[in-house]
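S.K.: Here are the chains, one letter per residue:
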Amino acid sequence: AQTVTQSQPEMSVQEAETVTLSCTYDTSESDYYLFWYKQPPSRQMILVIRQEAYKQQNATENRFSVNFQKAAKSFSLKISDSQLGDAAMYFCASVLGDSNYQLIWGAGTKLIIKP
Amino acid sequence: DAGVTQSPTHLIKTRGQQVTLRCSPKSGHDTVSWYQQALGQGPQFIFQYYEEEERQRGNFPDRFSGHQFPNYSSELNVNALLLGDSALYLCASSWVRRRGSTDTQYFGPGTRLTVL
Chain A
24 AQTVTQSQPE
34 MSVQEAETVT
44 LSCTYDTSES
54 DYYLFWYKQP
64 PSRQMILVIR
74 QEAYKQQNAT
84 ENRFSVNFQK
94 AAKSFSLKIS
104 DSQLGDAAMY
114 FCASVLGDSN
124 YQLIWGAGTK
134 LIIKP
Chain B
461 DAGVTQSPTH
471 LIKTRGQQVT
481 LRCSPKSGHD
491 TVSWYQQALG
501 QGPQFIFQYY
511 EEEERQRGNF
521 PDRFSGHQFP
531 NYSSELNVNA
541 LLLGDSALYL
551 CASSWVRRRG
561 STDTQYFGPG
571 TRLTVL
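Those protein sequence lines, which keep their order, are chains A and B. Plus 23 on top of the position in the first sequence (first one is 1) and you've got the working numbering. Plus 460 on top of the position in the second sequence (first one is 1) and you've got the working numbering.
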């Protein structure tokens, strides 16, 4: 079975600093996708970044980047130059792909930005 | 470019009643997934619709049913509501590039259901 684990219930960072959120997953499949989603207090689930397992290059989106370690089954999210608007719950999620379409979610990490 | 829309925003029902939630996918998307998110937890997959058929279902009872229309919009129906059905219901849409494949899911704002 596919599982996703986020071991940090809460993280805090000073505004303008860098923070890294951890995620590990477990799957026996070779083809899958990994995502980070952000859920602010409004509870709208917003896509932050996506990584295809077959790509060795780490995905980046502006201030957001991932460290994808396939052998270690690790998928961490780095947020650079943290802003007050980054405060939210961050969820790591995975989907297997072919013929298995559901997102499997971690428990989430609450990110607090200190001004 | 319209994103995923859901209606209603909030809903209050009593135990035993039935409820219908609605979702319109992002422009260009043909697949709709539904998730249930209890407070303080990650979402749980209910089911996914593609080509007007349920193509995968999560571990939810038959009280949860759905439908997809020719315009790709979707409904989630829940019968015989229980207190435990109180949650945020999220709809997500995506575009299937080829049969059997999947792609990034984009979410709507959710419907907050309270069962009294």
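There may be inaccurate statements among the hints.
Derived lysine-lysine pairs resembling DSBU-like cross-links, with alpha carbons at most 30 Å apart [unchecked claim]:
#1 A:K96 <-> A:K133
#2 A:K78 <-> A:K93
#3 A:K101 <-> B:K473
#4 A:K133 <-> B:K486
#5 A:K78 <-> A:K133
#6 A:K78 <-> A:K101
#7 B:K473 <-> B:K486
#8 A:K137 <-> A:K78
#9 B:K473 <-> A:K78
Using C-beta positions, here's what the derived DEER-type ranges look like [claimed, not checked]:
#10 A:Q79 <-> B:I472: 45 to 51 Å
#11 A:A39 <-> B:S467: 36 to 42 Å
#12 A:Y77 <-> B:N539: 40 to 46 Å
#13 B:G463 <-> A:Q80: 26 to 32 Å
#14 B:T564 <-> A:Q79: 15 to 21 Å
#15 A:R86 <-> B:I472: 36 to 42 Å
#16 B:G476 <-> A:T41: 28 to 34 Å
#17 A:R86 <-> B:R523: 41 to 47 Å
#18 B:Q516 <-> A:D49: 42 to 48 Å
#19 A:I69 <-> B:N519: 24 to 30 Å
Keep in mind the hints are simulated off the structure, nothing from the lab. Owing to the predicted nature of the structure, the values given are computational and were not obtained by experimental measurement. We put the CB at the ideal spot given by N, CA and C, even for glycine.
S.K.: Take the hints in turn and mark each one as holding or not.
M.R.: Here is what the structure says about each hint:
1. A:K96 <-> A:K133: holds (22 Å)
2. A:K78 <-> A:K93: OK: K78 of chain A and K93 of chain A at ~10 Å, within 30 Å.
3. A:K101 <-> B:K473: Cα-Cα ~41 Å, so violated.
4. A:K133 <-> B:K486: Measuring from Cα to Cα gives roughly 28 Å; hence the hint holds.
5. A:K78 <-> A:K133: holds (28 Å)
6. A:K78 <-> A:K101: Holds, because 18 Å separates the two Cα atoms, which is no more than 30 Å.
7. B:K473 <-> B:K486: Holds, at roughly 28 Å.
8. A:K137 <-> A:K78: violated (35 Å)
9. B:K473 <-> A:K78: With a Cα-Cα distance of about 46 Å, the restraint between K473 of chain B and K78 of chain A is violated, given a limit of 30 Å.
10. A:Q79 <-> B:I472: 45 to 51 Å: Taking Cβ atoms as reference, Q79 of chain A and I472 of chain B lie about 50 Å apart, which means the hint holds.
11. A:A39 <-> B:S467: 36 to 42 Å: holds (39 Å)
12. A:Y77 <-> B:N539: 40 to 46 Å: At roughly 42 Å between Cβ atoms, N539 of chain B and Y77 of chain A fall inside 40 to 46 Å, so the hint holds.
13. B:G463 <-> A:Q80: 26 to 32 Å: Distance hint for G463 of chain B, Q80 of chain A holds at roughly 28 Å.
14. B:T564 <-> A:Q79: 15 to 21 Å: holds (20 Å)
15. A:R86 <-> B:I472: 36 to 42 Å: Given about 39 Å between the Cβ atoms, the range holds.
16. B:G476 <-> A:T41: 28 to 34 Å: violated (51 Å)
17. A:R86 <-> B:R523: 41 to 47 Å: holds (43 Å)
18. B:Q516 <-> A:D49: 42 to 48 Å: violated (20 Å)
19. A:I69 <-> B:N519: 24 to 30 Å: holds (26 Å)
Hint compliance for this structure: hints 3, 8, 9, 16 and 18 are broken, all remaining hints hold.
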